[in-house]
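Enquirer: Sequence:
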Amino acid sequence: MQPPTDKPTVYYDGSCPLCRAEIDLYRRQDGEQRLCFVDVSAADAAPAPGLTAPEAMARFHLREADGTLRSGAAAFVALWSHVPGWRWLARIARLPGVTPVLEGAYRLFLPVRPRLSRAFGRWQARRRLRA
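Each residue of the sequence shown is one higher than the last, beginning at 1 in this note's numbering.
Since the hints were derived computationally from the structure, they do not count as laboratory data. Treat the hints loosely; a few may be bogus.
Stated by the list, open to error - With a straight-line cut-off of 20 Å between C-alpha atoms, the simulated EDC-like cross-links for lysine to aspartate or glutamate are:
hint: 1; residue 1: Lys7; residue 2: Asp66
hint: 2; residue 1: Lys7; residue 2: Glu32
hint: 3; residue 1: Lys7; residue 2: Asp30
hint: 4; residue 1: Lys7; residue 2: Asp24
hint: 5; residue 1: Lys7; residue 2: Asp39
hint: 6; residue 1: Lys7; residue 2: Glu64
Claimed, not checked - Derived DEER-like restraints, expressed as beta-carbon distance ranges:
hint: 7; residue 1: Thr68; residue 2: Asp44; range: 32 to 40 Å
hint: 8; residue 1: Gly67; residue 2: Arg128; range: 38 to 46 Å
hint: 9; residue 1: Ala131; residue 2: Gly50; range: 41 to 49 Å
hint: 10; residue 1: Leu25; residue 2: Arg118; range: 26 to 34 Å
C-beta: ideal position from N, C-alpha, C; glycine also.
Hey, can you work out the whole structure from these sequences and the hints?
Expert: So this is what it looks like as structure tokens:
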């Protein structure tokens with residue numbers, strides 16, 4: 001499935017419960033549908049030009065409408081700038097020196113993401129059982 005090119009496109013790992021929950025939050029807040037969301041774990045997913053499936057699964061990516069591909073913290077900052085309610089965070093992240101610190105934190109998070117995601121998935125399942 002090829003996303004439209006006239007709006008920013010978010011590439012995320014939909015097989016990750018933690019990632020999926022975060023994207024669902026952004027999607028709900030994107031009332032005017034300014035963004036296109038692509039689950040790169042889906043069988044019919046088409047990664048962005050210049051982005052392989054393994055790269056797309058390993059890190060968060062956003063392709064701007066002009067074709068600029070952003071990855072990691074820079075992709076989150078770009079995403080926040082498009083979603084109402086998150087623009088304030090994008091403004092803070094764009095202050096000198098902040099995005100590199102966020103990138104460092106993101107790189108520290110990546111190795112523990114699978115374990116955190118599994119724990120989050122179990123927590124979600126327990127919550128659903130209680131509901």
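Enquirer: If a hint holds in the structure, say so; if it doesn't, say that too.
Expert: Against the structure, the hints:
no.: 1; hint: Lys7 x Asp66; result: holds (8 Å)
no.: 2; hint: Lys7 x Glu32; result: holds (12 Å)
no.: 3; hint: Lys7 x Asp30; result: holds (12 Å)
no.: 4; hint: Lys7 x Asp24; result: holds (18 Å)
no.: 5; hint: Lys7 x Asp39; result: holds (16 Å)
no.: 6; hint: Lys7 x Glu64; result: holds (7 Å)
no.: 7; hint: Thr68 x Asp44: 32 to 40 Å; result: violated (25 Å)
no.: 8; hint: Gly67 x Arg128: 38 to 46 Å; result: holds (40 Å)
no.: 9; hint: Ala131 x Gly50: 41 to 49 Å; result: holds (42 Å)
no.: 10; hint: Leu25 x Arg118: 26 to 34 Å; result: violated (20 Å)
Figure legend: structure checked against the earlier numbered hints; hints not met, in rising order: 7, 10.
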